[in-house]
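Asks: Next come the chains, spelled out residue by residue.
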Amino acid sequence: AQTVTQSQPEMSVQEAETVTLSCTYDTSENNYYLFWYKQPPSRQMILVIRQEAYKQQNATENRFSVNFQKAAKSFSLKISDSQLGDTAMYFCAFMKHAGSEKLVFGKGMKLTVNP
Amino acid sequence: KAGVTQTPRYLIKTRGQQVTLSCSPISGHRSVSWYQQTPGQGLQFLFEYFSETQRNKGNFPGRFSGRQFSNSRSEMNVSTLELGDSALYLCASSDTGTGRLNEQFFGPGTRLTVL
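Chains as they are written, first to last, in my numbering: chain F, 668 to 782; chain R, 8 to 122.
Source of the hints: derived by calculation from the structure; they are not laboratory data. Each hint should be verified, as a subset may be incorrect.
What the hints assert, rightly or not - Dumping the calculated EDC-like pairs for lysine to aspartate or glutamate here, alpha-carbon to alpha-carbon at most 20 angstroms:
#, chain 1, residue 1, chain 2, residue 2
1, F, LYS740, F, GLU696
2, F, LYS774, R, ASP92
3, R, LYS20, R, GLU59
4, F, LYS763, R, ASP102
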């Protein structure tokens with residue numbers, strides 16, 4: 668069974684700073700997908716970024732980028748130029764393969780961006 | 008396109024009762040997944056339906072069941088409610104079935120409180 672671990676329960680950062688959220692996972696699969704989701708106080712789960720395990724290049728979406736280390740089974744999220752609207756719970760998630768549609772989530776990390 | 012909608016948004020029930028939650032996916036999406044979110048257990052996968060068939064199932068007791076209709080709308084039912092069933096129930100839809108990775112879009116959730 669796959670597991671996803673987010674060891675930092677909570678972090679805070681000043682507006683405009685850069686912050687890195689860590690995530691490790693365990694799987695015996697070779698091809699899989701990793702995601703970072705954001706859940707603001709409204710509770711609406713929003714996809715931030717995703718990474719296909721077979722791609723060596725790290726995914727980037729505007730201010731969000733990942734550091735994917737397949738051998739170490741590590742998948743960290745870097746948020747650059749933090750904004751107040753980035754305040755939310757962040758969840759790392761694993762999907763076994765396209766079409767399985769089953770996401771395995773980590774426990775989440777609460778990020779607070781301070782003005 | 009309208010997003011994923013879930014009804015009702017809030018629900019209060021007593022132990023022993025049963026409850027039915029509804030999810031309407033984004034138009035054209037054929038896959039609907041359900042997740043339970045609690046402070047203690049985090050986000051856990053309940054089941055996924057695709058073209059009216061249950062394609063994946065999580066590790067929940069038989070009291071939790073679901074179905075999907077021909078228009079892709081899905082319902083989940085919890086019978087003999089227990090206090091521990093109090094949670095936010097999230098529904099997600101995606102346009103899948105082709106083996107391609109597609110984003111899962113989440114609804115706002117139904118907050119169930121069992122007294």
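Asks: Which hint numbers doesn't this structure obey?
Replies: 3
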